[in-house]
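Trainee: Below are the chains, spelled out letter by letter.
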Amino acid sequence: MNHTSTKALNLTLKIWRQAGPDQPGALKSYTLTDISPDMSFLEMLDVLNEQLIAKGEEPVAFDHDCREGICGTCGVMINGQAHGPDSATTTCQLHMRRFSDGDTILIEPWRARAFPIVRDLVVDRSAFDRIIQSGGYVSVNTGGAPDANAIPVPGHAQQDAMAAAACIGCGACVASCKNASAMLFVSAKVTHLADLPQGQAERSKRVLNMVATMDSEKFGNCTNTGECEAACPAGIKLSNIAQMNREYMKAVLFSCE
Amino acid sequence: MVTVADTTLDGRCPTGNMASRWEQRQRDLKLVAPHNKRKSTIIVVGTGLAGGSAAASLAELGYNVLSFCIQDTPRRAHSIAAQGGINAAKNYTNDGDSVWRLFYDTVKGGEWRARESNVYRLAQLSTSIIDQCVAQGVPFAREYGGSLANRSFGGAQVSRTFYCAGQTGQQLLLGAYQAMMRQVNAGRIKLFARREMLDIVVIDGVARGIVTRDLVTGKFETFAGDAVVLCTGGYGNAYYLSTNAKTCNVTAAWRAHKRGAYFANPCYTQIHPTCIPVSGSHQSKLTLMSESLRNDGRVWVSKSKDDSRSPDQIPEDERDYYLERRYPSYGNLAPRDVSSRAAKERCDEGFGVGQSKMSVYLDFSAAIKRDGEDVIRAKYGNLFHMYERITAENPYKVPMRIYPAVHYTMGGLWVDYNLQSNLPGLYVLGEANFSDHGANRLGASALMQGLADGYFVIPYTVGDHIATRKLSPVSTSAPEFGQALSASKSRLEAILNVNGRHSAEHFHRALGKIMWDHVGMARNEKGLLKAIDMIRQLRDEFWKDVKVLGSGESFNQNLEHAGRVADFLEFSELLAYDALCRDESCGGHFREEHQTSEGECARNDDQFCYAAAWEYQGVGQESILHKEPLTFEECPLGTRSYK
Ligand SMILES: Cc1cc2nc3c(=O)[nH]c(=O)nc-3n(C[C@H](O)[C@H](O)[C@H](O)COP(=O)(O)OP(=O)(O)OC[C@H]3O[C@@H](n4cnc5c(N)ncnc54)[C@H](O)[C@@H]3O)c2cc1C
Ligand code: SF4
Ligand code: FES
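Quick note, the sequences are listed as chains U and R, same order. Quick note: this note's numbering has the first sequence finishing at residue 257, numbered continuously throughout. Quick note: this note's numbering has the second sequence finishing at residue 900, numbered continuously throughout.
No wet-lab data here; the hints were simulated from the structure. Quick caveat: nothing in here was measured; it's all calculated off a predicted structure. The reader is advised that the hints may include incorrect statements.
Stretches of chain R that chain U covers, calculated by requiring three or more beta carbons in the stretch to come under 8 Å of a beta carbon on chain U [stated by the list, open to error]: (1) 320 to 330; (2) 386 to 393; (3) 397 to 410; (4) 427 to 441; (5) 782 to 791; (6) 798 to 812.
Every beta carbon over 12 Å from chain U, so not counted as near; a handful from chain R, in silico [what the hints assert, rightly or not]: (7) 565; (8) 737; (9) 774; (10) 855.
Built from N, CA and C at the ideal position, the CB exists for glycine as well.
If we strip away everything but chain R, and leave its shape as in the complex, we get (with noise of 0.2 Å):
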């Protein structure tokens, strides 16, 4: 079976008093003087959350930031889209919250598979965001008196999430974004838009550049640093259809595996489970409607089969409040494994409601009832708008239909405490590495990690790698650059020149097919090797049958696209491997074998309490394992009950 190393892997972390364990690591960092900052250029990839705080954050301190994304324009990552909130353990509602319930409640959502001391910092740090944030000018939600508004969301019995109505990743976004250019302006970050970063160049087992293309003139170039920050988010496009934008992908990480850094937890994907449903084979993503909605609105099915009924006939006593049954102190705001789960579950057993059967009810009525329209209005006015724009149904007459989609992926290239992955110089930050949060995430937890990592930790952490490494100058005219560049010439051209039958898009939606039906909310080891099968002569197929048109020297979408699904489908494979090597259910990961008696994932904690970092042994071989053992001191290994 698996081929596992001889020796564990380190996370490097601090080790005593959790409180202090920040604080003594940054006692410990060595720092870098002002004149060599300016001597010393950092490579930021990505312009999210994570890479634009961090592309801000260092220019401050006065490295020469070189930033690239894929976007027109750093301000339209990803993080725009996220909708609900994000969490800080202010407290400022006096309800119980603190850094260790924040901290605890992160460990449990995530199943005790993250990194007790990343998640405390991760808690501790998230107070500074919201100050930084407000500083900045982000129009966070208030209270009449003009203090800061929260709300709850899934996994919590506080409120302690901050938001700016439902567009709260667009500001947090824009925050950042306006600190990126105005270092722009000061002459510290040069902007590279429009570049896709297609391989880190390593020399003497350093991180020390990149590959990029120019998707406008199709040109390759290649950037020489000190150090090389990913940002570049989520693989949840593996599955075709997910949440995540368009041009989300796994190419960087991927490239970056290649060519050394270990990739942890694969397997741990989160399915959110309030979504707009399929609406027919054309769909090219889904669109999620914010968690936020479940404070209010009751997802509930037919208690009858088959039930063709439409929802105003069927009256209350016929009505299974399916998470409110299972689920009576958390309810509707269980948290998103456990809420798709029970989705899916309510489906395949033949209860599910639209035409599909393949959804289920988010209404809104008693709340209406209870609060009024104009109230319900003014808390989810946007969402229901978007809502009715994308179905043509009116919520606040008819029960939204909704239905689990993928949406976040914990899993990423491995890093230690600094965020440093195995490669020296190679930093991963935000929803890219693996960090925070373990098996699951928690609703609003994503955009207080990517800033965390961006604001708070690289400026701190990447210094000590300049300062302590005596790095030799580099330049881009050292041999590892010309090879690398001329491997992802030749990558390209090998898709040009296939000439097949089908389109980069076709597959695409195979591979996620793939994905979906058996590596999605349910897996086994059956479907799993059956998936790995599939995976392998669908990439066999791609490289034999693909279909670009258009030269590689000038703008091509099409070619772009293709060039990602080509590494989604070598890196499917080993999604699919660790969720088959993983013989257990946590979180985001359910496997059928491993089930309580009443459906809820059975972990093995004496097994599998360890992360699983991967090592690249070549395209279709098996990977090599890595184990890093989990300890817990603060939060005891405990079972994850929202009963």
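So here's chain U without its partners, still in its complex pose (with noise of 0.2 Å):
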């Protein structure tokens, strides 16, 4: 494993503050001491919390709900990285033991044109939901489906599609691209429909409505530098931009749509 600390740690965190998304905002520092290494990252902000609470200052808004790292809600620059320096790992799996005693902390939002910001940590991705709501889905109502086992799905195209459909949505790789692209986070969907029998019949449609999107939620191009990989804690790969750009290669020369 990484470096791990046992003992507690006194921490100078510098905190991006912004009252609203039409104020201006600014790096506050704030000192911490004796934060035990158990705790997690998010734990350590409401200890900063409680204490800004007792001396009267408002309280640092960041988003969080599960804080066990499948809501996607959670996320905060850390240093300049996205979910912090562990990979596969969202901001409130990570923990304290992986700082340092006497270590700064540098924590912003996440950072792109899509994603204004809504109170200091806290960004609107409601872009996310637009995407999907172009065609991120298989057009089926409630009731007519066949039984289960009439649709087989050979073992490693469920492994495949399970594999993608483990994104979070939780917008770190558009946060850790110098761009904004949301290109994986996209391709993460349009790969686990087109790797089912059932995503087949939307398969152009689909990639063609969800990349017109994407493009014009505001988000930027990709330039393959590779940091949205890194960044996700959900392990969605290069692999599946690749995969995208076939889809949207053939949509575009072959479809009908």
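Dock the two chains into a complex; use the hints.
Mentor: What follows is the structure, given as structure tokens:
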């Protein structure tokens, strides 16, 4: 494993504070003492917020919910890295034993044109919803489905689909990319459904619509820097992007959509 | 003592042959013509499995759906966290499962405290859920030949659990979310994310709308409709520490209760046996280690008290595999309530392990020896990884340490067979209602229930309300909307105006401690009376001493939290009171006064074979008890034994 601290930590935090979308923002410094290495990163922020409230200062806004790495709600830049230093780990699953006594930690929100800041470390990721809305589904109404085993799915297809479907929609891929591209996110849904027999009927239409929405939502272009893959907590791969590019080319060249 | 209503409550179940009751009811329900559906508006609060599936299905039928959730997107509802799986009586494994057996296991698992007709319907619908989800592209685990795979889960001797690696809830929720987003695209669902429902609006005794607060701008809004469907999840966070997501709350259900909806069986809470133990006072939530681990892990403690040896130094014959010892036929797969209490019993007796002595081992060494590390990694790799990340211990080498934690709440708003509360027009689905799990829920059955309610029950039953009740058109300019709105507003203003010394977090933690200590895994009269007293005191303190900074007109997470804590402080008293009044042990409700000589639940069917539905009388006032008698025709009352 990586570096681990076993003793209590004293830290300096530099946190982005911004009262609202149209307000100016700035970094503010805080010191914290006696932080247990067993705390999660968000529990460390809880401690800070309790101290701020006690002092009469407004606590730092940050998004979180499940605190177990699955809902995709949390996510901040930690020393310039989306979700911090551990690979395949969300902010809520990062633990303070990864830091050293005396560290200064820089904490900022996701920064991307398509993700406007709501307050402090909280951003608006509804652009992701609009991308899914434009085609990230199989059009089947409740009721008329055939018996589940009537659609056999070969083991490898299921595994590929599952690996892609694991995307938690956190936005770290966008935040880590210098172009703020959403290709990794979009490719995860496109390949999940393209890998399965259920997704075939809308295969071309889906990729065309989702890519068009991605562009209109002001995400940047992909220049293959690979930062997204490194930041992704759910193990979505650059190969998903490659597969999506093939899907897209096929759709442009051969489909009648 | 308890004030009991004169008349009993009726679940309005169909009668006759159990297997054809749902069909019978479907025949009797009135339909709404397509052009009238387009004119009807249905408010769906919550976008978890229950709310997501309901919103999508209702919109597909042509209704106008307004969908609300607290999270920034419907895809993040708490259902996303479910790991283990979803049950269905498909009998693909040919191991003797059937609709009847799933029904029987569920009634028995719930200690004969659920409504038979509902449970039977749930078992029947379970098979269609899997069909529906597969058609949506949910990537369930498969066998090599491409057919669906199953595994077994606590409380069952057949393999009927479908799963997507360790992320079943995530995949099922994404299926429902995508179906919803398709309807958003079609213009039939209007989505309101980051909106918290703060009240329901009742006009002439019928639910006609809701009050919400926009969590980004702080703006209060009202919405009118022809029915309100609450899918707002469970209240496990009354205990502060639980496996629930941080925003899980009782607010929506409690506000509906204060408007007249009965709250049923709040004391039925589920404590899950396999969670990562508390590591310190900073702990903000507890993490579940899926129950599926008990398929291969063996639970044990040392046979000697206060044994400080490391686990590898304790020889085999000095280990107490207490679940296998006490429950030879189910062993490590004994149901949750039974396994949790057994762990507590060992720790209370001084046999606990780890630094705090408040945990037991879950050991995979036998399975690793038998199958090899690779096989175990393939099955549970992500869970082992999560465990190591949190504890910095490697479970391939050292046994996991686990301890029970609050996980699920069987109680909820009372609903009839149609999932309608006693307030006409108010429907309650998923974990928020009380209907199907009795006093204890079996693993992999909550996902099943949420989706059955949303995909397959509400689309039929809500139409009957719209078709039979001649609803006059309503708009948010009706005075009842204005009144409810200003009541919600002044409550939040009151919280902001206290300007005391302690954060909402402080009060939430204090409440959690009272609940865990006195209304937790084992309860007794003295402790419950004490808890009620302490909750009242804490509630008074809250209103004198809570400190919330900032304003109500902005994104203010502390204000949100404080509002939810204020509701938990009212609700928890009812939970404790219900536990006090249910003077028997059953499922998740264990009263120390009522146990067998072997420490198992001693039920009292003569006096308590009913669902307790409480009618609100005011904060701190004693509620009125409405009893819904439970009768058992297909699975006669029996003893719940897993020996
Ligand atoms: C860690 C974990 C693992 C689990 N694993 C399993 C499993 O393997 N199998 C199984 O069957 N069950 C499992 N469960 C239980 C199961 O996940 C839940 O019971 C189920 O998902 C609840 O679904 P729901 O739709 O009723 O509510 P939720 O998913 O809790 O959704 C509630 C919704 O209501 C919204 N909401 C709440 N209050 C308000 C309000 N006031 N205003 C507006 N919106 C509101 C929320 O935003 C959310 O959208 C697990 C639970 C946990 C905690
Ligand atoms: S692809 Fe990875 S980083 Fe991007 S949203 Fe999905 S889980 Fe997050
Ligand atoms: S809070 Fe859910 S992923 Fe971090």
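Trainee: Now, for every hint given, state plainly whether the structure supports it.
Mentor: Cross-check of the supplied hints:
1. 320 to 330: holds (count 3)
2. 386 to 393: Three-residue rule met by the region 386 to 393 of chain R, so holds; n is 7.
3. 397 to 410: Contact hint for the region 397 to 410 of chain R vs chain U: holds, 9 residues under 8 Å.
4. 427 to 441: The restraint on the region 427 to 441 of chain R holds, since 9 of its residues have a Cβ under 8 Å from chain U and three suffice.
5. 782 to 791: Since three or more residues must qualify, the claim that chain U covers the region 782 to 791 of chain R is violated, with 0 doing so at under 8 Å.
6. 798 to 812: It holds: at least three residues are needed, and the region 798 to 812 of chain R offers 5 whose Cβ sits within less than 8 Å of chain U.
7. 565: 19 Å, holds
8. 737: 32 Å, holds
9. 774: Non-interface label stands for residue 774 of chain R: nearest chain U Cβ at 22 Å, farther than 12 Å.
10. 855: At about 35 Å from chain U, residue 855 of chain R clears the 12 Å cut-off, so the statement holds.
When held up to the earlier numbered hints, the structure conflicts with hint 5 and nothing else.
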